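Visitor: Each chain is listed here by its residues.
Protein chains: 2
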Amino acid sequence: MKCLTVELGERSYPIWIGPGVRQKLADLLQQAGIAPGRKLFVVTDQNIAPLYLEDTVQLLTEGGYAVHHFIVPAGEEAKSLAIYEQIMTEALTIGLDRKSAFLALGGGVVGDLTGFAAATYMRGVAFVQVPTTLLAHDSSVGGKVAVNHPLGKNIIGAFHQPKLVAYDTNALTTLPPREVASGFAEVIKHGLIWDASFVTWLEENADGLQAFDHELLQAALLRACSVKVAVVSQDEREQGLRAILNLGHTFGHAFEALTGYKGINHGEAVAIGMVAAARLAERLGLAENISERTVRVLRQYRLPVALPVPLDVDEMLDVMRRDKKGEGGKLVFVLPTAIGKVDIYKNIEEEPVRAVLAELYEGGEA
Amino acid sequence: MKCLTVELGERSYPIWIGPGVRQKLADLLQQAGIAPGRKLFVVTDQNIAPLYLEDTVQLLTEGGYAVHHFIVPAGEEAKSLAIYEQIMTEALTIGLDRKSAFLALGGGVVGDLTGFAAATYMRGVAFVQVPTTLLAHDSSVGGKVAVNHPLGKNIIGAFHQPKLVAYDTNALTTLPPREVASGFAEVIKHGLIWDASFVTWLEENADGLQAFDHELLQAALLRACSVKVAVVSQDEREQGLRAILNLGHTFGHAFEALTGYKGINHGEAVAIGMVAAARLAERLGLAENISERTVRVLRQYRLPVALPVPLDVDEMLDVMRRDKKGEGGKLVFVLPTAIGKVDIYKNIEEEPVRAVLAELYEGGEA
Numbered sequence: 001m002k003c004l005t006v007e008l009g010e011r012s013y014p015i016w017i018g019p020g021v022r023q024k025l026a027d028l029l030q031q032a033g034i035a036p037g038r039k040l041f042v043v044t045d046q047n048i049a050p051l052y053l054e055d056t057v058q059l060l061t062e063g064g065y066a067v068h069h070f071i072v073p074a075g076e077e078a079k080s081l082a083i084y085e086q087i088m089t090e091a092l093t094i095g096l097d098r099k100s101a102f103l104a105l106g107g108g109v110v111g112d113l114t115g116f117a118a119a120t121y122m123r124g125v126a127f128v129q130v131p132t133t134l135l136a137h138d139s140s141v142g143g144k145v146a147v148n149h150p151l152g153k154n155i156i157g158a159f160h161q162p163k164l165v166a167y168d169t170n171a172l173t174t175l176p177p178r179e180v181a182s183g184f185a186e187v188i189k190h191g192l193i194w195d196a197s198f199v200t201w202l203e204e205n206a207d208g209l210q211a212f213d214h215e216l217l218q219a220a221l222l223r224a225c226s227v228k229v230a231v232v233s234q235d236e237r238e239q240g241l242r243a244i245l246n247l248g249h250t251f252g253h254a255f256e257a258l259t260g261y262k263g264i265n266h267g268e269a270v271a272i273g274m275v276a277a278a279r280l281a282e283r284l285g286l287a288e289n290i291s292e293r294t295v296r297v298l299r300q301y302r303l304p305v306a307l308p309v310p311l312d313v314d315e316m317l318d319v320m321r322r323d324k325k326g327e328g329g330k331l332v333f334v335l336p337t338a339i340g341k342v343d344i345y346k347n348i349e350e351e352p353v354r355a356v357l358a359e360l361y362e363g364g365e366a
Numbered sequence: 001m002k003c004l005t006v007e008l009g010e011r012s013y014p015i016w017i018g019p020g021v022r023q024k025l026a027d028l029l030q031q032a033g034i035a036p037g038r039k040l041f042v043v044t045d046q047n048i049a050p051l052y053l054e055d056t057v058q059l060l061t062e063g064g065y066a067v068h069h070f071i072v073p074a075g076e077e078a079k080s081l082a083i084y085e086q087i088m089t090e091a092l093t094i095g096l097d098r099k100s101a102f103l104a105l106g107g108g109v110v111g112d113l114t115g116f117a118a119a120t121y122m123r124g125v126a127f128v129q130v131p132t133t134l135l136a137h138d139s140s141v142g143g144k145v146a147v148n149h150p151l152g153k154n155i156i157g158a159f160h161q162p163k164l165v166a167y168d169t170n171a172l173t174t175l176p177p178r179e180v181a182s183g184f185a186e187v188i189k190h191g192l193i194w195d196a197s198f199v200t201w202l203e204e205n206a207d208g209l210q211a212f213d214h215e216l217l218q219a220a221l222l223r224a225c226s227v228k229v230a231v232v233s234q235d236e237r238e239q240g241l242r243a244i245l246n247l248g249h250t251f252g253h254a255f256e257a258l259t260g261y262k263g264i265n266h267g268e269a270v271a272i273g274m275v276a277a278a279r280l281a282e283r284l285g286l287a288e289n290i291s292e293r294t295v296r297v298l299r300q301y302r303l304p305v306a307l308p309v310p311l312d313v314d315e316m317l318d319v320m321r322r323d324k325k326g327e328g329g330k331l332v333f334v335l336p337t338a339i340g341k342v343d344i345y346k347n348i349e350e351e352p353v354r355a356v357l358a359e360l361y362e363g364g365e366a
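As they're listed, the protein sequences go chains C and Z. One point on numbering: in UniProt numbering, the residue at position 226 of the first sequence is 226, and numbering is uninterrupted. One point on numbering: in UniProt numbering, the residue at position 41 of the second sequence is 41, and numbering is uninterrupted.
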């Protein structure tokens with residue numbers, strides 16, 4: 001069991017990673033300053049509840065906490081204001097107070113939703129992340145919490161750091177293959193933006209990682225989280241540097257939005273978005289020969305590298321202009337300049353973006 | 001035109017108070033770092049819109065800002081998640097980005113609602129308070145923003161400091177008498193918790209203030225805001241001291257909730273709550289002879305000092321136990337120990353509270 005620390009002064013917190021971390025949850029909570037006797041509100045989804053809810057509640061109850069729980073629907077649809085309001089109603093009904101803590105048991109959707117509830121319940125209460133997916137290694141660290149608006153993803157949100165992230169690698173072995181692949185997209189992203197040697201390591205260990213070798217999994221998560229921790233510790237509220245974590249996301253959010261958050265999942269959308277970003281960088285003369293290797297490593301992890309359905313270029317551009325990174329309707333992109341290195345480009349011309357998007361459908365001519 | 005500063009490091013901001021402040025709004029925005037050319041989203045209500053919206057929009061447009069506006073219903077009902085969602089939808093539709101600013105033009109309801117929208121739109125954008133009521137001198141300073149939940153007032157919220165408070169005393173002269181009285185409740189509160197000499201000054205100048213003498217109004221607001229600024233600068237996120245600003249509010253919120261936020265307005269509820277707090281302090285032996293003077297000064301400003309309708313004692317206690325200051329269902333109160341001095345008392349017994357509540361109906365026996 002390994003520990004990383006997000007260094008944010010009085011908001012610093014540990015990330016525990018390893019097999020069996022969940023078994024030690026009550027101790028870790030106490031270490032993080034959430035004393036036994038407090039009310040804990042465990043929020044999870046319909047997929048995770050049958051797997052981990054009962055024993056998590058039992059472990060925490062045995063640890064001396066007064067545990068309540070709430071189960072939300074599985075999938076991105078749960079990140080809505082309507083479900084958020086249900087959580088608030090339940091929290092009030094069971095009498096949570098300012099000393100209570102919200103605990104997200106699940107993937108990125110559960111973490112984002114629960115975190116936003118914790119950020120705004122009585123103007124902010126303690127929050128704990130217990131991620132159960134590979135993808136959530138990204139969303140569970142860094143304090144970005146949000147729900148979606150029909151007009152845009154993660155538009156309604158806050159910065160609210162957890163008190164603790166407890167990442168049990170045992171939970172990852174029960175994921176369906178498509179979820180696993182989706183999670184590796186963000187792992188690969190952390191290599192592509194920061195650490196070329198990590199990309200090489202991921203290329204070399206693709207088979208072992210996909211066979212859930214525990215040592216390899218723990219090592220991969222430690223390295224990926226280390227990148228995130230380094231970035232977030234320097235720029236908690238995305239004043240500058242932190243935006244690099246969005247490689248592939250401006251494109252990816254558009255793909256997700258235009259397929260109704262259903263056809264393409266988040267990791268898949270980011271994977272295709274990273275291919276688009278590499279091609280755009282090449283087209284703009286910012287980088288050479290990076291899209292081919294990007295495509296190759298994503299394919300090693302069974303990730304899509306082209307749009308499985310044709311999407312309208314104008315509609316994609318419209319969604320991208322509303323992206324949170326944008327200012328005054330201009331297109332802002334994080335683009336790779338080499339493998340392991342990215343930069344932020346504001347005010348990108350529309351034409352090269354159109355050209356990249358037009359060639360992105362896998363059934364297309366390009 | 002006078003200026004106070006809330007000292008909160010990089011979140012510090014000015015409060016401008018005086019006749020005609022609104023005319024200088026574009027300059028003040030620019031000084032506060034919100035550059036012309038930015039999109040401004042003015043949120044106001046149906047009562048304020050006919051009085052000040054058109055010329056405010058014109059002044060800001062002439063100052064070089066791209067101004068949009070949104071009108072919400074008047075009254076506490078507007079502080080709902082439903083109206084909040086409407087604001088978010090409008091903000092997205094008109095293309096507000098992270099550099100845009102929300103501007104609350106109105107009383108406390110508009111300020112709280114707009115502030116919560118600004119706190120959570122794209123994880124937080126700039127926010128400006130232009131209060132138009134006396135009562136809002138309190139809510140516009142200090143960064144507490146929120147909407148209500150059917151089960152409790154201000155339960156869903158955040159801390160989000162404005163970039164600027166622009167307080168035009170000219171706006172106050174158009175208020176209906178009951179609104180004026182309600183506003184004086186919080187002015188008097190700032191005396192009662194912090195500054196006995198201010199209470200004396202308010203007793204001596206009750207007639208002049210209620211006749212809207214501009215110099216007296218400006219002086220009263222400066223003194224009341226100074227108390228708030230001193231407290232908030234020491235304890236932005238209510239870890240301790242800041243709770244004293246809630247004198248009368250634990251009682252008051254219960255009165256408001258149980259009359260459906262209609263029968264008794266916020267200032268009136270706080271006034272009756274401050275009488276209840278004084279009586280409870282006397283009953284607990286924490287203070288002597290303070291309720292009589294509290295009642296007298298509130299009456300000078302035409303404020304109620306007893307419940308105009310009978311409310312159920314058990315129901316009041318239930319609501320008070322859910323108060324945000326509470327922990328583990330215990331009753332927590334801010335109670336006066338002298339005129340101009342209060343303290344926070346946790347774990348107050350139920351019996352004396354019951355006795356005070358039972359005698360609080362004006363048609364009652366006591």
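Derived by calculation from the structure, the hints in this document are not laboratory data. Just to be clear, a hint being listed does not mean it is correct.
In this list, chains with the same sequence are indistinguishable; a pair is considered to hold if it fits within one copy or across any two.
To be verified - Pairs of lysine to aspartate or glutamate, EDC-like flavour, derived with a Cα cap of 20 Å: (1) Lys99 - Asp235; (2) Lys330 - Glu77; (3) Lys99 - Glu10; (4) Lys24 - Glu350; (5) Lys99 - Glu236; (6) Lys262 - Glu351; (7) Lys2 - Glu76; (8) Lys341 - Glu288; (9) Lys341 - Glu85; (10) Lys39 - Glu351; (11) Lys330 - Glu288.
All values derive from a computational prediction rather than experimental measurement.
Visitor: Run every hint past the structure and note whether it holds.
Guide: Right, here's what the structure says about each hint:
no., hint, in the structure
1, Lys99 - Asp235, "between (28 Å within a copy, 18 Å between copies)"
2, Lys330 - Glu77, "neither (28 Å within a copy, 37 Å between copies)"
3, Lys99 - Glu10, "within (17 Å within a copy, 28 Å between copies)"
4, Lys24 - Glu350, "neither (51 Å within a copy, 39 Å between copies)"
5, Lys99 - Glu236, "between (24 Å within a copy, 18 Å between copies)"
6, Lys262 - Glu351, "neither (28 Å within a copy, 57 Å between copies)"
7, Lys2 - Glu76, "neither (30 Å within a copy, 50 Å between copies)"
8, Lys341 - Glu288, "within (12 Å within a copy, 70 Å between copies)"
9, Lys341 - Glu85, "neither (41 Å within a copy, 39 Å between copies)"
10, Lys39 - Glu351, "neither (54 Å within a copy, 26 Å between copies)"
11, Lys330 - Glu288, "neither (25 Å within a copy, 65 Å between copies)"
The structure fails to meet hints 2, 4, 6, 7, 9, 10 and 11 from the earlier list, while all remaining hints are met.
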